[in-house]
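Spelled out from the first residue to the last, the chains are:
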Amino acid sequence: MKIALPKGRLLKKTAALLRRASWELDEYHEEVRFYHSRSQKFPHMLAKVFHEKDIPIQVAVGNYDLGICGSDWVEELLAKYPSSSVVKLRPLGYGECALYMTASPSQPAMVAAMKSGDGVVRIASEYPNLAESFALRHRLSLFNIFPVWGGAEAYPPEGAEMALISVAAEAELGQRGVVPVSKLLDCEAFLIANRNSWEASDLGDVVASIGDKLPAAEESRIFTGVAVAPEKIARRPAAKKDADTVRLALPDGHQQQPTLELLGKCGIDIDDYPSATGNRRPATGLEGFTVKVIRPQDMPLQMANGNFDLAITGRDWLREHLYQFPSSPVRELLDLKQGRVRLVAVVSQELPDDVPGLRQFIARRAQTFRVASEYVNIADRYARDKRLGPYRVVPTWGATEAFLPDDADLLIENTETGRTIARHNLKIVETIFESTACLIGSAEGASRPVKRERIESIVKTLRAAVEDI
Amino acid sequence: MKIQKCKGMRDLSPAEMAVFRLIEGVFRDCCLGWGYREVRTPTIEYLHLFTSAGTLTPGMLGRVYSFLDWDGWSGDRVVLRPDGTIPVARLYIDSMVDREPARLFYVDNIFIFEETGKKSRERWQCGAELIGAGSAAADAELVALSLEVLKRLKLGEVEVKLSHAGLMKALLASLGLSPEEQASVFDQILDGNGEALACLRASNPALEGALLPLLNLKGQSAGFLRNSRALLAQHLPGIVPYLDSFMDTVELLEAMGCKYRIDIASGAGFEYYTGMIFQLFAGDEKIGGGGRYDALIPSMGGGDIPASGFALYADRLMNLIRPAELAGPAPKQVLVRVESQEPGVLAAAFNVAGQLRQAGYVAGLDLGGREPEGLRWVLGVRGGKPPFSLEDRAGGSRAEVGAIGEVLELLEAEGADENSPA
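Residue numbers (our numbering), protein chains in the order written: chain A, 1 to 469; chain B, 470 to 891.
Chain A on its own, in the form it takes in the complex (with noise of 0.2 Å):
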């Protein structure tokens, strides 16, 4: 029996619910420090820990018979796939959050104005499959959804008509910037099954145990469409932009304060990043510039499609993005030299732990060879040129370690010093590349000579800055 438990904010009720139900697991607390669990009440199960939104998808493929997630990520894999062996059993009572189709205040994104509007309706979004059923619902005539991988909330007006997110509840949607255009959908943690152990297997203690501890909760449900909000937003014509002002992106997360250290030595004055209240849209002392804060990850695509000058991104996903789109017009403009990690493709201990070893292990057995990482187009390039063929990319969004060795064979993964690697017992085959962070920029450059003075002026103080290191 297998069971997969998330990280990240369901993480301390899903341990509380469990130690409730006497499970006893050895290593499912607040910190997670090894992803693989035993409980002392189900000798039997193992449990697993993984990034929630990678649990319906595992449960969906039968790697695990249960799981426990948010509903939103399970709506989000049948959206696209409905005929996923996923059965939801029952609500968990925590938590809660909604799904809101959000547009910015100063260009409410009426889903009516959209349908017969001209241009492309961009949505950005988490939820790329819940994203699309909701622009086929309302016959948006062109649209195009950018799955993001967090803040789509900062996207809206400039480089989104829409953004899907999720939130606590609705009064945080004006804290996060936007106004709603539609609610989707209720979600809550929820407990899951995979359909064929839930009819083959018996289960019944397992689940018995989680239910008992639980309060009476109602079934979550799907609003269909019907917009809730804004029947009368004025449509504030959108701030004028000076066509020679730099949109600059810079990355949120643990990338913040390298980056703050780094800008502050070139005496560039950034308010209020990292921000406490995750306002994404912070002012500078910079002259002709603006900032949104945005995931790295998503910077390249972004670059590509207009909507930055420049950016400070790492190379791995800069990568990323160009094996994706060989013909993107993103470019690295200069190395920071900082935040360096290794790109390492990387096995458990039973594995033979150079390529040719892995190719002869390969053809011996019968079974696919899975890759798993975040990486997907790092990860299928590498596969395909190293000729681990026949093989599969499980595309997983963090804590990839967990996947080894039961759920995957491969990963691709960034590491910094191989200690984490090290430490859940894994091996790394080799260094596909280093990363360190960088500033990006479009090859076309600016066509505009204020803005292309601009860029060069910021590039040459960052080198300067870079080289003083």
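Since the hints were made in silico from the structure, they are not lab data.
By construction, the Cβ of each residue, glycine as well, lies at the ideal position given by its N, Cα and C atoms.
Incorrect hints may have been included.
[Said to hold, decoys possible] Okay, the calculated beta carbon distance ranges per label pair:
#1 B/F582 to A/S327: 24 to 34 Å
#2 B/G645 to A/D242: 50 to 60 Å
#3 B/R479 to A/D406: 34 to 44 Å
#4 A/S83 to B/A667: 34 to 44 Å
#5 A/H254 to B/D538: 29 to 39 Å
Starting from the known structure of chain A, arrange chain B on it as the hints suggest.
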């Protein structure tokens, strides 16, 4: 690891290809005879082509094969063509406007995801489009053309079921449903859910009275439509123009001796249909369908150009036709067996096989292995003299022959015997 065929996809074996080509050949001959010209559009198109207003139902769009191309960073996805008509309309707008009417046909595969993987996800269609003509005669031409193809395929009894998209929409509009509900019911009918209206009736008894005309519009004559018109025109004046247009087509078909059945609520087809819809059945099996789509080309920015078309489902026809009745006599086959491995002799064998092919025979060298099925003639080629021996498996005879001309004479003489009545 075992190499597998992709789930939901289909191979066509030599025998199946022969059947496929028979159907394709009959379809092409008929279309060319009616003045239609063949086109072929790319397998990959932009998804936008199919999402633009009212071209495919959301149900169908949810099952297209779409992906990002290598330069698709803008998010513009491409699809494996899920429909044959829309790409042809695009081609027309791209490069053929001002050539009305355009009579075009195609034999293409389309791709639609099908959940179980038991039915094919790749389907072959023989389609014809008549662009730039909006009359009842144009509708009738397409019905007649499709029936001619099916007749020449010797399919036996084919049932023509008629409906009318405009009439259906007008009747749905009279139900007092919200526009979303109307669109949803219309889409369900188009997606082939014949029960959609019955469900609506069950879930909403208040609609009973209003739904009756929609459910009851079934009959087998134009007279029936005329009477319905008299009955409905008082309450639902909005439907009169649609009924009139439908009646024009139906009367013409009747005059042409075409048998049909009218069932307004069974309009399986495409969201882009605006007028007459026809479906073709052999027994219970739907083997094709078509209709008028006057709003499609305008909605794609191609100007106010009416159009209609149909498609026959080649995969289904392959199971229904009897190839033996349709195929002409198979060309006679001669196996050239080389009795020496000397290059000179082999070259002579290739040469003689070439001469046989020129004379209309199927001729190839024996490279070992199993002989072709139904083989009658084996021509031995050797280095010595006489250079040839011709074996007749059917007659059990074997002749030594000195020159290729003699071989041909022998084959011809035997062939004449073969074809003469016993």
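Index of numbered hints that the structure contradicts, given in increasing order: 4
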